Amino acid sequence: MSLWNGIVDYLQLYGDKTLSQAGWHALLSAVPVILGLVIAIPIGWVAFRVRWTYPPLISLSGVLYTIPSLALFVLLPGILHTQILDPINVFVALTAYTVALLVRVVADGLASVPDEVRQSALAMGFNGWQRFFKVELPVALPVIAAGLRVAVVSNVSLVSVAALIGVPQLGQLFTTGFQLDSTAPIVLGIVACVVMALCFDAIILLLLRVVTPWRSAGASR
Amino acid sequence: MIGSVGAWLSDPANWQGPEGIVARLNEHLAYSLLAVLIAGLIAFPLGVFIGHTGKGTFIVAGTANALRALPTLGLLILLVLTIANAMPAALTYRVPAMIVLVLLGIPPILSGTYAGVANVDPAVRDAAYGMGMTSGVVAWRVEVPVAVPLIIGGVRSALLQVIATTTVIAYVSLGGFGRYVIDGLKQQDYPQMAGGSVLVAVLAIVVDVLMAGVQRLTSPGRPLRAPRGQLRRQPASG
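Quick mapping for you: the protein sequence lines, in order, are chains A and B.
Residue 160 in the working numbering sits at position 160 of the first sequence; the count goes up by one each step and never skips.
Residue 142 in the working numbering sits at position 142 of the second sequence; the count goes up by one each step and never skips.
Bound conformation, chain A alone (with noise of 0.2 Å):
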């Protein structure tokens, strides 16, 4: 097959580079969810106990996720003062992207535990911590893995847009197959965005699995 020999002619000239864009790609779409979550969840947790806040907090994000990624990777210089081709705006972007989905995911999460679970925990003696953390967070775990499945998988799908502006990664492959006019290069490049998607979304599903061991087998929506 044609296809098969120019995509094992095209590693064996350009394996290494190739190597360190699909390095470049899996952390310019992990960083920034792994960032988006943690800033996600005091939002999305002020958007759940502060009423009045969940409409403002909600519409701002639905505005942040209506920019095109490809407009965001452009304007953020401007505003960050960075060059055009540094990775820090595709994180920033990436990152504000993630932040304005888990929000909403963190704030319906923790709505979503059952107040009879709340009430236990105070009758416990359990504090406003020690709650959110041991009890409530956990409990909203599989409806926030499930909204960082979304945000990973379609990070890997934005990442290489960005090939457009330059910034090093996967998508760097469509750009170099229409130059070259060769579909080895494309054909390579969407098969791994599409397993690096794979396998993102797996890890998530297992790292639910391990920290939320009381939830049965296979229960994961």
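Note that these hints are calculated values from the structure, not bench results.
Be careful, since some hints might not be right.
Claimed, not checked - Short derived list, chain B residues pointing at chain A, Cβ under 10 Å:
{"hint": "1", "residue": "Ser4"}
{"hint": "2", "residue": "Arg68"}
{"hint": "3", "residue": "Leu70"}
{"hint": "4", "residue": "Leu75"}
{"hint": "5", "residue": "Leu81"}
{"hint": "6", "residue": "Val137"}
{"hint": "7", "residue": "Val138"}
{"hint": "8", "residue": "Gly175"}
{"hint": "9", "residue": "Gly178"}
{"hint": "10", "residue": "Val181"}
{"hint": "11", "residue": "Leu185"}
{"hint": "12", "residue": "Ala194"}
{"hint": "13", "residue": "Gly196"}
{"hint": "14", "residue": "Val200"}
{"hint": "15", "residue": "Ala204"}
The structure displayed is predicted, hence computed values, not measured ones.
All C-beta atoms in this analysis are idealised placements derived from N, C-alpha and C, irrespective of residue type, glycine included.
Starting from the structure of chain A, add chain B where the hints point.
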């Protein structure tokens, strides 16, 4: 830096002519609306069928998940390289771009229509059958009208996704606001790139607000949220 972007946007010379902002806006809207229209023609009947019969529900979740992971830019360039030679010159880039945009528009409309039709109150459906309506009439005269707010919600997500991605098709020499980003990068003209980005962002927000209004008008006293289990729309790519 923000001042120079403002200067680019407010320069009347940038608004006129075949490469002006008005022309680019027309191109951007034309590609986006045509793509969403075609996506709707495919996804709406399919969504009604799946929601009404309960057959093939796996297609709904399957397309949404698969397309979320698929890199749009890669698909676009792959299609350009593989099918462009079989096209008349005028369509070389337009057909591949349209295929990608339509593919992106299908999942939100499909899942919105499916969710709207499948979640119609069973009592309403039973009442319609009890009145002697046939299956097709129940679907068309009862389930679809009840599902309208969720269908509009699906169209709203599809529009957002497609407007964002239409920016990317400038890479394969097509028009729309993406031209300013791609050309600005080549010419090392940051105000042009940023100006184009502001325009796409504003267009996306304006269309989203308009669609939110339509959604509200079509759903009297009904919460705007999709039923549980329907995850929020994915971030707009492109």
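So, going through the hints one by one against the coordinates:
1. The interface hint given for Ser4(B) is met, as the beta carbon of that residue sits about 9 Å from the closest beta carbon of chain A, less than 10 Å.
2. This hint holds: Arg68(B) has a C-beta 5 Å from the nearest C-beta of chain A, less than the 10 Å allowed.
3. Interface restraint check for Leu70(B): the shortest CB-CB distance to chain A comes to about 6 Å, inside 10 Å, so the restraint holds.
4. The interface hint given for Leu75(B) holds, since its Cβ lies 7 Å from the closest Cβ of chain A, which is under the 10 Å cut-off.
5. Here the hint on Leu81(B) is kept, as its CB sits about 5 Å from the closest CB of chain A, short of 10 Å.
6. Interface restraint check: Val137(B) against chain A, minimum CB-CB distance 35 Å, threshold 10 Å, status violated.
7. Evaluation of the Val138(B) hint against chain A yields a violated restraint, the C-beta minimum of about 30 Å exceeding 10 Å.
8. For Gly175(B), the suggested interface contact is broken, since its CB lies about 15 Å from the closest CB of chain A, more than 10 Å.
9. Of the supplied interface hints, the one on Gly178(B) holds, with its beta-carbon coming within about 7 Å of a beta-carbon of chain A, less than 10 Å.
10. Nearest Cβ of chain A to the Cβ of Val181(B): about 6 Å, under the 10 Å cut. The hint holds.
11. Here the hint on Leu185(B) is kept, as its CB sits about 6 Å from the closest CB of chain A, short of 10 Å.
12. Checking Ala194(B) against chain A: minimum C-beta separation of about 5 Å stays under 10 Å; hint holds.
13. Taking 10 Å as the C-beta cut-off, the interface hint given for Gly196(B) holds, the closest approach to chain A being about 8 Å.
14. At about 5 Å, the closest approach between the beta carbon of Val200(B) and any beta carbon in chain A falls short of 10 Å, and the interface hint on this residue holds.
15. Restraint check, Ala204(B) versus chain A: the minimum CB separation of about 5 Å is within 10 Å; hint holds.
When held up to the earlier numbered hints, the structure conflicts with 6, 7 and 8 and fits the remainder.
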